[in-house]
Amino acid sequence: MPINRRGLLTAGASMALLAGCGSNTGRNEGSSARIPHLSHWYHQYGEPGTEKAVHRYAEAYRKADVRVQWRPGGNYDQQTAAALLTASGPDVFEVNGPTLDQIRGGQVLDLTDLIKDVQGDFNQAVLAPKIHEGRVWGIPQVIDTQLLYYRKSLLDAAGVRPPATLDELVDAARRLTGKKTKGLFLGNDGGGGALAGTPLYAAGLSLITPDGKVGFDDPAAARALAKLRQLYTDKSLLLGAPSDWADPAAFIQGLTAMQWSGLWALPQIKKALGDDFGVLPFPADGPGGRPAVPVGAYAAAISSRSGNHTAARDYVRWLWVERTDFQTDFALSYGFHIPARTSLAAKADKLKDGPAADAVRFTSQHGYAQPLLWTDAGRLAYQDALSRIIKDGADPESQLKAVVRRTRAELDRVGKKP
Amino acid sequence: MPSASRRRRRHHALWFWVFTGPFVAGLVLFTYVPLGWSVFLSFHDAHNTVTPSHFTGLANYRQILGDPAFRSSLATFAVFTAFIVPATYALSLALALAVNRLRFARAFFRSVFFLPTACSYVVAALIWKMSLFNGVRFGLANTVLGWFGAEPVAWLSTTHPPWYWLVIVTVRLWLQTGFYMILFLAGLQRIPARLYEAAALDGARPGWQTFRHITFPALRSTSVAVVLLLVINAFQAFDEFFNLLSNAQGYPPYARPPLVHLYYTALGQGQDLGLGSAGAVVLALIIAVVTVVQGRWFGLGRKEE
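So the protein sequences, as listed, match chains A and B.
This note's numbering numbers the first residue of the first sequence as 9 and each following residue consecutively.
This note's numbering numbers the first residue of the second sequence as 790 and each following residue consecutively.
If you are wondering where the hints come from, they were derived from the structure by calculation, not from laboratory data.
Don't take each hint at face value.
[Unchecked claim] Listed next, the stretches of chain B that the computed footprint assigns to chain A, with coverage defined by at least 3 CB atoms under 8 Å from CB atoms of chain A:
no., stretch
1, 836-849
2, 915-924
3, 1035-1041
Positions of the beta carbon are idealized from the N, C-alpha and C atoms, including for glycine.
Work the whole structure out from these sequences, hints included.
As structure tokens, this is what we get:
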């Protein structure tokens, strides 16, 4: 067949299509003979400077060429979960976990050997959910915590003292509610999302007991949750604020006298309100109760699909175990977190006085972290039940019974050997 | 001669594949393979993996169909469709009739009503959530209520009465009515003027009688297309629901359409891809049945008499 113009064009077009499937994977394969390449994922931190800082740490590492990926978007956990299914995911990544199923599925490496010399120095509450069957699967980076902020001047004006029990909180919120200001802001959903398991711990219970049983199959749980419903029906709660509980805007603008928010909000609040605020743990409820402060930590983990396990281990040990100067810088120079290691937290000047010092004290005295065995299935059922109790006035006892059933089924599933 | 025609036929085949090939390949690779894969996943225990090895038979289907949250998401969807389809239909037809009667500035109004179509669902949902229907006293809706001395309403957080439906429905109406209005306008302009003249001669009164017996029947094929598109759009409900109601901790147990439910099941931290796939297959079957029934009902594809 003689070559004509159309035939040539066709051939050209198909060549171009093929060329589109090139081999440029974004990795520098040429120089891999000399030093290994590692990709390191972080979720996008809101505070300015953090991104530059993590790039700086990566560049300071000599034994591997570390590429930092800064992942924007609110669905970081979904992004990493999907990326871990493929070999093109990260080598090293920070994770709000790792989850039990990621550990059981062999998606992350055992890091016990990396931290065995300093394991006792880590805050034990945040380290606990990173441990499964005695092995450590993630190294906590910094501690995040949530607290109740209150405006001193507004409480004084209403003659209310900082609440020490859940009943006092309900009462204070009602008395602080006026025409322009609400008493308490627990999030636009009425508190279910932000508080999660905290009221259960405040009632002296837990989500999952240390020996792996459901921790809230108890009448005290229903009693505590009914008081959240009380807050809602009293109309003491701020609802539908332009920015949600994680942002201190509603508190600073005076839309509410008290707000549940993160430790990360403290610098912003201090800047706006000066000394006119204080922090509290979530107040205790009932005779067996105790104050509760939720703590959690993003952890550094290594994907088992990483092409270079040794290099990844060496790098993680270097950054999150050895370089304590970087760990302190990361925790305190940009956002406001507590270093995950008690020796570093004790040295931090920023955490030595005022509400920040209170926050650190509450965290070490009353901190609880969501247990590793508290998996998504039980968590979703619990959140739904909590929302129905608070907003729809559903019966707490029967709602919790359904959650207990769901959680037991899930504990049975994860109790079996994979 | 015969060889030349054979060559031309071969050429035709070649060109057929050059033009359709990329799309067929894309369709197979990005639609049929994932579809088949998710059917495969739905029969396995696929926690955190897309290559599961543990076959569980119908366990995922039993679990998803026994899950009250999934069943209530199907109910949510049914209620939403039952409302949004007739509402958009009526509103866009009314707008089209009104714009069509204008003597001047018709193009202006046509554009004004069509403009929201160009807006993204995400952006519109955020504006609805944060400025029009936020729960504090300075939100637009609450400011209006304030003029009459009413208390501010937390639109998206109140379940008794379910004010959140007002927000969800109005944002979708605002976004999609203009587009269907254009379809109706095109339909209206295709109705021959002589039909109206003949009707007038026969003594039909302008207004309702003319609309009922001339305009509405003449819009039949447009109506069928509009209803089909509206139902399909309702099935895809995700964007405005997710952006209006979700927060960093999850999604409330109300107004949760199936896609949102499956998003949290399969793609949340749970990563239960087997269960999520089972839900997706159930949903796909429902969509298939509804589409077939609808097609039969409307006589889609039949020649117009």
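- Message: Name the hints, by number, that the structure is in violation of.
- Response: none
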